[in-house]
Amino acid sequence: MGKISLEVNGRKVEKEASDNTLLSTFLREHLQLTGTHIGCDTSQCGACVVHVDGNSLKSCTALAADVNGSKVTTIEGLETNGKMHPMQEAFKKLHGLQCGFCTPGMVMSAVDLLQKNKKPSDTEIRDWLEGNICRCTGYQNIVAAVKEAATKM
Amino acid sequence: MKDFNYHSAKDSKEASKLASSSSAFLAGGMTTIPSMKLGLATYKDLIDIKNIKKLSGIKVSGKSVTIGAATKHVEVSNSKDIKKAIPSLSSLAEGIGDPQVRNRGTIGGSIANNDPSADYPSACIALNATIHTNERKIEAAKFFKGMFETALKKGELIEAIEFQIPEKSSYQKHPNPASRYAIVGVYVAKHKGDVNVAVTGAKSCVYNDKEMSKALSGNFSSSSIDGMDLDSSEMNSDMHASADFRASLVVTQAKKAVDAC
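First to last, the sequence lines map onto chains R and U. Going by the working numbering, 89 is the number at position 89 of the first sequence; the sequence numbering is gapless. To convert, count from 1 in the second sequence and add 1000; that's the working numbering.
Among the clues, some could well be false.
Below, a list of computed lysine to aspartate or glutamate pairs in the EDC-like style, where the Cα atoms sit at most 20 Å apart [stated by the list, open to error]: (1) U:Lys1145 <-> U:Glu1167; (2) U:Lys1037 <-> R:Asp41; (3) U:Lys1002 <-> R:Asp19; (4) U:Lys1037 <-> R:Asp19; (5) R:Lys3 <-> U:Asp1048; (6) R:Lys15 <-> U:Asp1003; (7) U:Lys1037 <-> R:Glu29; (8) U:Lys1010 <-> U:Glu1135; (9) R:Lys116 <-> U:Glu1094; (10) U:Lys1002 <-> R:Asp41; (11) U:Lys1054 <-> U:Glu1149; (12) U:Lys1054 <-> U:Glu1014; (13) U:Lys1080 <-> U:Glu1167; (14) U:Lys1002 <-> R:Glu16; (15) U:Lys1214 <-> U:Asp1259; (16) R:Lys118 <-> U:Glu1094; (17) R:Lys152 <-> R:Glu124; (18) U:Lys1044 <-> R:Asp19; (19) U:Lys1002 <-> R:Glu29; (20) U:Lys1153 <-> U:Glu1167; (21) U:Lys1053 <-> R:Glu16; (22) R:Lys3 <-> U:Asp1003; (23) R:Lys3 <-> U:Asp1045; (24) U:Lys1059 <-> U:Asp1081; (25) U:Lys1153 <-> U:Asp1194; (26) U:Lys1010 <-> R:Glu124.
No lab work stands behind these hints: they were computed from the structure.
Take these sequences, add in the hints, and give me the full structure.
Structure representation (structure tokens):
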């Protein structure tokens, strides 16, 4: 048991958690930020992707204790004053989702891509999304949405 | 996942002091955490070594590239110095897992785990690496002992990996289409005296293919290994690739690597 102090979506949080608490569990069950999804729970599917100190990671495969003191951004942290992030807008506009389960991870992963590569090619987008699995729409519209967002960010 | 005590060590000394028969070092956790979640491994203590400053970083000298054990794959793939000195090593790092895994996973963790399909062990063998631990230096050829088995003793911590800069080199892999681990990966490195052909994914542990190394040391051309019929009796066979297919893939990937040098 230890104290976990994080800055999550710009807000400082401090909670007690057992040492085996995963970051995904900490976000969902201790902070009630359920936008971060747990899909496979084996670091394959990417539904749990969040940003830690500016880089994307799979929160189901990181201990909360291990990222203690970091700045975390989840899907809930992307909007500004009730306005969707350009990546969220693009997913909506281009039907980059169907059931939406993978979407938080897809969006967080794609935002990280555009932080590092402002104008990615189709191949670069597909390579980057290697760790995010979608079971409904396929990837055409997701790739199109990332490209669209790149023109707005 | 069963509970454990999490420790963050300040230096190697503290890390090895905390180590016991029921502890594990935690670097990126890309294998350790999933193994614990699946109940394949349980530990009383997890000793995080990521915050030990000495264990991260990249140093390039005239003859070698030294990478700290806790250096992440993304740092290796983005390093301009490594791209210049051993481009095949940065492209290997760029092909591990996915971006989120590369943001967390470390070179020392990969080597200590010695997964039969891991990419980095082949680089260690091909590039005549020396594994620096808190106790000694171990040649790569003596480090990888068997499936998930290394020469590391309990509490012994990898601090850095020193790779010899080759004249030419290339790593080629046939990735699993879903997870991108190497069904077969071949790292060819041409050094001054000889050629190493390190193979991962094909057998229970990484190895240097003596037959191909000999042929390529005589004549460094893909034609010298073309059609080579490798013994597949010790090769892995599973739903993804039969032993015979793996034997054939080793030659194909080795040829591709030589041509890419």
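### Task
Kindly indicate which numbered hints from before are broken by the structure, ordering the numbers from low to high.
As far as the earlier hints go, 1, 11, 20, 21, 25, 26 are violated by this structure, in ascending order.
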